[in-house]
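Trainee: Spelled out from the first residue to the last, the chains are:
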Amino acid sequence: MAHGKKNRNVGIIGIGQTRHSSHREDVNQPEMIHEAIAAALKDAGLTMKDVDCIVHGNMELFEMIHQPDLWHTLGTGAGGKDTFRLTTGGTVGITLACASDNLVASGMYDIVMAIGFEKLQEGHTTGGITNMADPLWFRNLQTGALTGSKAYDLIYEFGEERAKKVSMTYRIIMDKHAGLNPNAHRSFGLDFAQADDLIKNSPKLVGDLKLIEMCSQSDGACAVIFACEKRAKELSKKPVWVRDHITVHREEVFNIFGYDDKYPAAQTQRFAAENLYTRNGITKPLEYFDVFEMYDPASWWGVDWFRDFMLLKGDEAVKLVEDHEIMIGGKMPVNPSGGVIASNPIGATALLRMAEAALQVRGDAGAHQIPKPVKHALASGFGGTMWTVLMMLEKELNWQEA
Amino acid sequence: MSEEGQMSTKNTDKDSFAVQGKLALPYTYFAGRVGSKFLTTIRDQKKIMGTKCPTCGKVYLPPRQVCQKDFTDIRNNWVDVGSSGTVVNFTVVRYEDRHLARKPPYVIAMIKLDGADTPMAHILDGLKPEDVKKGMRVEAVFAEKTTTTILDIDHFKPEAERAKTGWRPKAARKPYVPEPESGIEDKRRGGKPDMSKPVIICAALAGAATMKNQTPAVPYTPSEFAEDAYKCWKAGAAMVHVHAREDNGMPTHDHERIRTTHDAIKQRCPELIVNLSSAVGMGKTAEQRISQIVAVKPEMASLNTNTMNFSLLDRKSGKIFIDFVFENTFTMLQDFGKAMEENGVKPEIEVYDMGGLDNTMLIAKQGFFTNPMNFNFVWGVAGGQAFRVETFVALMNALPAKANFTTCGVGLDQFPAIMQSGILGGHMRVGLEDNIRMPDGELAKGSWEQVEVAVHAAECLGRGVATPDEARAIMGIHKR
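Top line first, the protein sequences correspond to chains A and B.
Each step along the first sequence adds one to the number in the working numbering, with nothing skipped, and position 80 is 80.
Each step along the second sequence adds one to the number in the working numbering, with nothing skipped, and position 46 is 46.
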């Protein structure tokens with residue numbers, strides 16, 4: 001997206017989420033989603049009448065329902081309103097935010113609500129993901145959402161002992177963060193002293209990807225309300241401004257025949273970051289951003305992508321993790337919410353990254369609020385075929401002046 | 001496509017593989033607490049409930065946790081809705097596929113149940129697709145084998161003709177409570193009828209002589225009896241009078257068939273009083289007539305009071321079709337009456353003329369009849385007396401103290417007779433045994449339709465309609 005053409009500014013004025021859990025038998029899908037919507041409306045001090053448009057998303061067929069946006073109308077209040085359904089895989093949550101931003105910025109709507117949800121307990125994630133693969137060459141072989149290649153890469157690069165330790169350190173930091181977030185699904189109370197034991201004893205899923213390092217399957221929903229600058233200032237004491245976002249994917253080269261040097265399919269993270277920062281005049285993201293909510297499906301990816309997103313080199317990122325600089329209170333807090341490893345209602349997951357980043361900017365994150373003032377926040381989304389979305393949030397509307 | 005093209009396609013097909021795949025996509029869908037209660041209420045109580053929004057007044061069906069209009073939390077605001085409703089729209093499924101619920105063609109209708117504001121989709125069965133109309137009345141048929149899914153309502157079918165039969169009339173009156181015994185005679189003093197009791201309506205479903213070639217509505221099989229009895233109960237009957245039939249329609253004295261018929265009715269409609277005939281049908285022996293009563297032990301049974309002609313005549317020409325003597329000697333009156341009283345079966349004493357009543361009072365001197373005695377004045381049998389207003393009054397005045405009376409009339413006598421009974425404080429019997437037509441001369445759709453007439457007559461008199469339990473209290477019947 002060429003941000004220079006943005007017609008008008010867009011602010012986040014309402015944030016709601018459910019508690020994330022492995023099981024929500026007590027509510028059906030529209031009922032669960034309604035909890036997030038009611039919370040977002042309450043947060044914004046609005047009623048459904050104020051909302052012009054709904055943007056709804058989740059993973060296609062993960063709950064085995066067709067056109068969920070239509071039958072969720074019972075809980076979303078979308079009856080009689082313009083509604084869009086989006087699905088871009090794992091990124092869908094933050095794609096909802098990008099679309100909402102575009103819809104408001106364009107002048108088409110003044111107030112738009114993004115709704116992301118997933119009730120993974122009801123479906124069969126691997127069954128759903130298997131649909132993605134080529135029936136002729138790949139479907140019989142693939143392992144769903146699990147891949148051990150990143151563990152292999154990091155072990156090759158940093159040696160077995162250091163790589164495994166840094167991955168587990170990252171994992172334990174996420175667990176400690178999740179322990180501070182009352183909405184988080186999983187928090188075990190892990191401690192750094194347990195790292196060696198966990199490396200040894202946690203069951204392996206694929207290669208060196210271990211069960212403890214992998215994200216959860218969660219039920220949950222998130223709703224975020226976006227408003228144009230004028231309405232945002234009228235309605236909210238502390239709107240959080242969407243500065244820019246970028247979406248990158250290399251779906252056309254996603255294949256099973258190995259990597260081609262000319263088409264580095266897996267490198268969308270750094271490409272997205274470089275382009276986003278260049279057009280916004282940011283040269284040192286590690287200095288610029290105060291907090292980063294990253295879509296980290298597993299701790300191995302978390303460590304590696306942190307390097308890409310922050311444009312770091314060599315073992316700079318590994319060192320920051322080893323030194324606990326990504327913890328709340330550290331140099332660059334990553335996922336104060338506990339991240340995806342703690343809670344993963346997929347369709348909501350990437351929207352939660354942005355929502356949690358916005359809460360940090362507002363200073364409303366509660367027990368997992370980082371101690372220093374947050375002016376600039378970054379959120380990312382990730383999807384199966386190497387989709388990357390990055391979104392920048394700002395406390396002040398002052399970046400255009402620069 | 002050219003011939004050449006087809007050839008090449010065939011060649012290509014020969015060398016090509018197609019992947020025949022199958023993906024397992026298992027899923028679970030949680031109904032939530034609200035949806036769960038909706039399903040289990042249907043499953044366990046055969047009752048349909050919705051949730052009502054106190055803010056906007058809308059009743060949602062299926063129920064919702066939150067009002068979709070104003071977001072009011074309505075999860076605890078349950079209301080009953082009817083199991084009958086109106087078709088607001090429908091479609092006809094005409095293609096066949098494995099996932100479909102029925103073999104096509106079949107109808108899926110949007111049905112708005114009575115008391116609900118939102119329609120629900122369901123299968124509409126029991127009629128041809130071309131006969132479905134928007135606005136038609138339908139009723140739920142609950143599944144016999146439950147699955148805790150929406151298919152615990154197996155389907156909807158056209159409502160049993162009139163809307164009224166969907167609900168047993170609710171009496172806008174206090175429940176009947178028997179008075180101290182002294183009150184009864186006092187109320188008749190001065191020739192004033194005692195109209196304090198609600199009217200007990202009995203439906204004589206079949207008799208021994210009404211056949212399907214006269215009206216297809218007459219029941220033969222146990223399940224037909226049960227369904228008919230149920231409809232009569234829904235319409236307002238407290239009691240059904242039954243002559244069991246074979247599948248070919250012949251009246252039977254076979255204990256097993258009679259028991260099966262009796263039990264089918266009680267199972268379908270446990271509350272209802274079943275009154276069995278001790279006449280059974282033409283040509284049965286005394287032993288055949290009474291042994292089945294002793295064996296089955298219904299709550300009530302008919303007791304006939306005099307030997308009489310009981311024949312089939314052409315009423316216009318006077319020509320005799322079948323001549324028959326209905327034998328009811330004093331000995332039989334005595335033995336049958338004793339057998340019933342000893343077995344806890346309340347006799348319904350059939351009075352075809354004043355002589356029969358006198359016969360009964362003679363035998364009653366032996367003292368085995370328990371109070372209150374219950375008489376049925378029967379009019380219009382070829383061999384008994386025709387309905388006359390003054391004869392009715394004379395019979396009533398000849399009754400012993402504390403006795404109840406009801407009445408039935410054959411053919412055209414049916415409706416005038418029950419109306420006079422209603423005015424005089426008595427009860428009413430209708431049904432296809434006595435008359436196959438409605439007051440306007442049309443064939444009755446079933447005994448239940450005549451029950452509706454009786455209900456209407458009772459309500460016009462301000463007496464209300466007795467529930468089965470009230471009927472037991474009035475007639476001294478012991479519930480089984």
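Think of the hints as simulated: they come from the structure by calculation, not from any bench.
Honestly, I wouldn't trust all of these hints.
[Stated by the list, open to error] Straight-line C-alpha distance at most 25 Å; calculated PhoX-like pairs for lysine-lysine:
#, chain 1, residue 1, chain 2, residue 2
1, B, K58, A, K49
2, A, K238, A, K372
3, B, K402, A, K49
4, B, K402, B, K365
In this text the structure is predicted, and so the values were computed from the model without any measurement.
Trainee: Is the straight-line distance between the alpha-carbon of K402/B and that of K49/A 25 Å or less?
Mentor: 71 Å, violated
Trainee: Between K58/B and K49/A, is the straight-line Cα distance small enough, at 25 Å or below?
Mentor: Answer holds: K58/B to K49/A is near 19 Å, not above 25 Å.
Trainee: Please work out if K402/B and K365/B have their alpha carbons no farther apart than 25 Å.
Mentor: Given pair K402/B, K365/B holds - Cα atoms ~16 Å apart, limit 25 Å.
Trainee: K238/A and K372/A were given as a pair; does the straight-line alpha-carbon distance stay at or below 25 Å?
Mentor: Holds, because 17 Å separates the two Cα atoms, which is no more than 25 Å.
Of the numbered hints listed earlier, the single one contradicted by the structure is hint 3.
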